[in-house]
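Q: Sequence order for the protein chains is C and P. With our numbering applied, the first sequence closes on residue 594, and no number is skipped along the way. With our numbering applied, the second sequence closes on residue 594, and no number is skipped along the way.
Think of the hints as simulated: they come from the structure by calculation, not from any bench. The model shown is predicted, which means the values in this text are computed figures rather than measured ones. Nothing false has been slipped in among the hints.
It does not matter which identical chain is meant; a pair holds if it fits inside one copy or across any two.
No farther apart than 20 Å at their CA atoms in a straight line, the calculated lysine to aspartate or glutamate pairs in the EDC-like style are these:
no., residue 1, residue 2
1, 297, 224
2, 300, 217
3, 184, 227
4, 431, 395
5, 485, 457
6, 431, 460
7, 427, 395
8, 207, 510
9, 195, 175
10, 300, 460
11, 207, 507
12, 582, 563
13, 297, 460
Protein chains: 2
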Amino acid sequence: MGSLSTNTFSPLDPNGFTNDSKMVIDFIADYYKNIENNPVQSQVKPGYLLSQLPDTAPYCQESLEDVLKDVTDSIIPGLTHWQSPNFFAYFQANASTAGFVGEMLCTGLNVVGFNWIASPAATELESIVMDWMGKMLKLPSTFLFSGNGGGVLHGSTCEAIVCTLVAARDETLRMIGAENITKLVVYASDQTHSTLLKGVKLVGIPSSNFRCLSTSFSSEFSLSPQALEDAIENDIKAGFVPLFLCATVGTTACGAVDPVMDLGKIARKYNLWFHIDAAYAGSACICPEFRHYLDGVELADSLSMNPHKWLLTNMDCCCLWVKQPRLLIESLSSDAEFLRNNASESSDVVDYKDWQIALSRRFRALKLWIVIRRHGLANLMCHIRSDVNLAKRFESLVAKDSRFEVVVRRRFSLVCFRLKHNDECQGLGIEP
Amino acid sequence: MGSLSTNTFSPLDPNGFTNDSKMVIDFIADYYKNIENNPVQSQVKPGYLLSQLPDTAPYCQESLEDVLKDVTDSIIPGLTHWQSPNFFAYFQANASTAGFVGEMLCTGLNVVGFNWIASPAATELESIVMDWMGKMLKLPSTFLFSGNGGGVLHGSTCEAIVCTLVAARDETLRMIGAENITKLVVYASDQTHSTLLKGVKLVGIPSSNFRCLSTSFSSEFSLSPQALEDAIENDIKAGFVPLFLCATVGTTACGAVDPVMDLGKIARKYNLWFHIDAAYAGSACICPEFRHYLDGVELADSLSMNPHKWLLTNMDCCCLWVKQPRLLIESLSSDAEFLRNNASESSDVVDYKDWQIALSRRFRALKLWIVIRRHGLANLMCHIRSDVNLAKRFESLVAKDSRFEVVVRRRFSLVCFRLKHNDECQGLGIEP
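Based on the provided sequences and hints, a complete structural model is requested.
A: Structure, rendered in structure tokens:
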């Protein structure tokens, strides 16, 4: 029931911290040991939890044992187990011990690194680890701090897209006037992640100005440079202002890869902001045999990829690199009295609050730094290759089975297959 | 040096997980025990870390001991110690064991709860705990799921502001046409957090349409209803469209409180979206003696407050409540093929991806749920009162000291004081 005396209320007592935390470590380790005993997808019905928990907060404190019992009884049955070896949707089993302890340090230190002075290590480690990651991907030096570009850690691709859209939008509106925002046009393929259209609307560009260019089976669902150029020419004739092109390396639905080099040339010809979304497949590009998918990246203005998808980094971790940080800063800086300090005014430091949507930010760099160090580039490449080899093996099993067919050529670890329209399907009792 | 064999590479082996995690727990506990030995503000110079770390990622894995040694030698000296008892800037020492173990469970389970089906417990616990928190603040039932409103956990106030701005913007543009985006006007006081202007620009409203209304010492830096109404009338006469009003309960610089009730009446008269930013002082409103600062909240469309500022919740945790979730969803929903499922189409469930900027989302509700349960409302109120009493005591010490003066009346735990312009200041050798 707990004491209400302020003398004994010590919410961060180091001994209590150690005991409680180790109890939860054991709890999570048991969860991992037994994860395959759970159905991968939760079997609960909508609203199941309302009947299991009180509808108001407790007045007195409750024990950690009681909380963990409720996690076991009420929360775990309502989870879809993303870390289960039997989970094959989206980006599975990407947690790692290294990612976990990185998050623990971030949470434990609990610094709020909005600007350099608020915790210099948070800023400087992020800049260093973004250069590490950029070199692992063999990005041109123009994307690295060492080459006057730079990288930042966001929570998600959505945030990276919004920030680059805003930077591109404002650069153009400074030339043509704010009232022309409804003339700006954004281009991508119909395979592009839905976050792009969401971002376009969010920054005030009408959704009717989003050109969702068709792809086809014959081009393996990649964006056609000719279709892009035709669309741009049409828009210019109609009085629109082409603004932004998003290419994807490894689309969500089928792992398609847009032709970065050819699209980049068109972007440069028409002066579009060129963003490469490599959220999923970017991780594979640390392996030399996959790096060619990024050929042409030197023509891009920005690139994002998510170690939280396929590089053993727990949520959330999205890397964004830009060639001209100045353009992000011009759109996203804030200049409140309570944030001013000598270091910022000297311009010798990075203030990451001006590279993102929020002011507050967690010390995410610790997590990525520890993931890279605890695994090393060698093991990270092994991890990618192991997943790709498993996918290859599955693809070959599908190819041998007359009931199924592979729909799109596999490039990474994603295999798109379906039931065939034939008599054998009937035997499965499933409508193809 | 580590093995490169895929047979021994097991990044989430439960035994390795337990050993490494407990080593880090001990490391963090030692950090807390010795935190007062560190200077609160880091003494490093810009660029200090570059010379201490390699400029490329390691090829082979490194030991956790080596990583933690680098944290000790290179990271901790570069931290500003937000959890130090000697840190008095911003929102200090807000981490708690409960917040930490909540984050651990979130990170360990590592589910990505973008929609209900992706982990029903993540969605349902968030809805339940947002109703708990809403009841702790005695919000009108119209903000609760049980009253057809609802709440969502964001990472920061900035995100809450952007999402409500977009919902308000789109509702109005649906009536007056997208081309009129440059006519929309947003109102707030000159004490309002800089995130509002940043959000205004981000959603495509020109910064010249942000009315930063002057406040004064005589009104204790609160927004004047008369000044607001005058500004609205002027804008209407000039052909602008008043859109959004942000009131603050507990401003960043001096803890000012805008008159919610009177401002709310004006917002209703002119049909503005009325948002209340109670990021810091909202936490105090769980105590009956502070709740009156929210009187008039029934006139608002949305309210946000941050348990990560003053309610013992580690970063990041921002509560946003809205009366009409439909308006958020109309602006922020995405409808990709790979997200469709029966539960979403039945409309029986909440899909939080449509209440926020990003698609991906962490299971933050665990953290807030555990913070509330492990402390209980009683201890949380004690915590607020203890901080306020400390501030009162400090204020009385300042008042007794002829060298200093209190600048603005203290309402919560923030004391604004300064050196007086008098002879005694000379004795300190400081220019006031």
